[in-house]
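Heads up, the sequence shown is in my numbering, so the first residue is 212 and it goes up one at a time.
Since the hints were derived computationally from the structure, they do not count as laboratory data. All of these numbers come straight from a predicted model, not from anything done at the bench. Fair warning: there could be bad hints in the mix.
To be verified - Derived DSSO-like pairs (lysine-lysine); straight-line CA-CA distance at most 30 Å:
1. Lys213 x Lys452
2. Lys426 x Lys452
3. Lys281 x Lys396
4. Lys213 x Lys459
5. Lys426 x Lys281
6. Lys426 x Lys311
7. Lys271 x Lys426
8. Lys281 x Lys271
9. Lys281 x Lys332
10. Lys311 x Lys271
11. Lys459 x Lys311
12. Lys213 x Lys311
13. Lys213 x Lys332
14. Lys311 x Lys332
15. Lys281 x Lys311
16. Lys213 x Lys281
17. Lys452 x Lys271
18. Lys396 x Lys452
To be verified - What follows is a set of in silico ranges between Cβ atoms, one per label pair, in the way DEER data are often shown:
19. Ala473 x Ala296: 21 to 27 Å
20. Glu368 x Glu286: 30 to 36 Å
21. Thr471 x Asp294: 22 to 28 Å
22. Lys213 x Gln299: 26 to 32 Å
23. Asn427 x Gly293: 33 to 39 Å
24. Phe284 x Thr234: 30 to 36 Å
25. Ala260 x Pro474: 15 to 21 Å
26. Leu353 x Gly380: 37 to 43 Å
27. Arg342 x Phe284: 36 to 42 Å
By construction, the Cβ of each residue, glycine as well, lies at the ideal position given by its N, Cα and C atoms.
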Amino acid sequence: MKIVTWNINGVRARIGNLTHWLTESAPDIACLQEIKTVDEQFPRAEIEALGYNVETHGQKGFNGVAILSKLRFDEVIRGLPGDDADEQARFIEGVFSTDKGALRVASLYLPNGNPVDDERKFSYKLSWMARLERWAEERLLLEEALVLAGDYNVIPEPIDARFPENWLGDALFQPETRQAFRRLKNLGFTEAVRAVTDAPDTYTFWDYQAGAWQKNNGIRIDHLLLSPEAANRFSSAAIEKHVRAWEKPSDHVPVAIELTFAPI
Numbered sequence: 212m213k214i215v216t217w218n219i220n221g222v223r224a225r226i227g228n229l230t231h232w233l234t235e236s237a238p239d240i241a242c243l244q245e246i247k248t249v250d251e252q253f254p255r256a257e258i259e260a261l262g263y264n265v266e267t268h269g270q271k272g273f274n275g276v277a278i279l280s281k282l283r284f285d286e287v288i289r290g291l292p293g294d295d296a297d298e299q300a301r302f303i304e305g306v307f308s309t310d311k312g313a314l315r316v317a318s319l320y321l322p323n324g325n326p327v328d329d330e331r332k333f334s335y336k337l338s339w340m341a342r343l344e345r346w347a348e349e350r351l352l353l354e355e356a357l358v359l360a361g362d363y364n365v366i367p368e369p370i371d372a373r374f375p376e377n378w379l380g381d382a383l384f385q386p387e388t389r390q391a392f393r394r395l396k397n398l399g400f401t402e403a404v405r406a407v408t409d410a411p412d413t414y415t416f417w418d419y420q421a422g423a424w425q426k427n428n429g430i431r432i433d434h435l436l437l438s439p440e441a442a443n444r445f446s447s448a449a450i451e452k453h454v455r456a457w458e459k460p461s462d463h464v465p466v467a468i469e470l471t472f473a474p475i
């Protein structure tokens, strides 16, 4: 079973790229971030025509997440618990039936947090990560296969940036940000890409500015974390880097894993 995360950076602006990619890559489950549309305006028909079930948690103009699945949804939960005042659409969770039991997949879009000296924005990022950690700790008690897929807006280690020194003042690379990511992983998750490669120049994002793509000036901020039950079925991970060279691309590329599950 192929599960992929992709920050699409505007689904309506890139619907052609999305449908082409769905046909080419053929994921069983695709987690999208930054769909930048309300639920009612999501281009559902084009995606359903390719055989996908569609669930969204949208927001006008920015944020927004979605899960596209060839499997039928058993359950859908929208929003990360822990802050009833948080109106930003950054989290959606789907549950599916497989031959090995329940599979739970979350598509998440963590806050950027910049600028760091804006206490409101950076503290929101850290508090959101703390809420995610509490949620994940509770979900792990279910002992289900769980995949946390998304744009984490976290550069975990210096090796995950072409020029780490350029990110020292950025919220994505602050010690508090990286520590929060480590705490989440240390609950018992396997970070899929680094489980299969420790190679440098392994990136998922290239800015639109200053020829970053052409110079391979990238960072790795899109991650898939696997619970022990999912990690036991984990067979491969890959970054579909070629998508960044398409016409009118997102600044992120899809990151894919394969799990040895079959739908029922």
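>> Hint by hint, where does the structure go against what was stated? Just the numbers, ascending.
In response: Hints 5, 6, 7, 9, 10, 11, 13, 14, 19, 21, 24 and 27 are the ones this structure does not satisfy, whereas the remaining hints hold.
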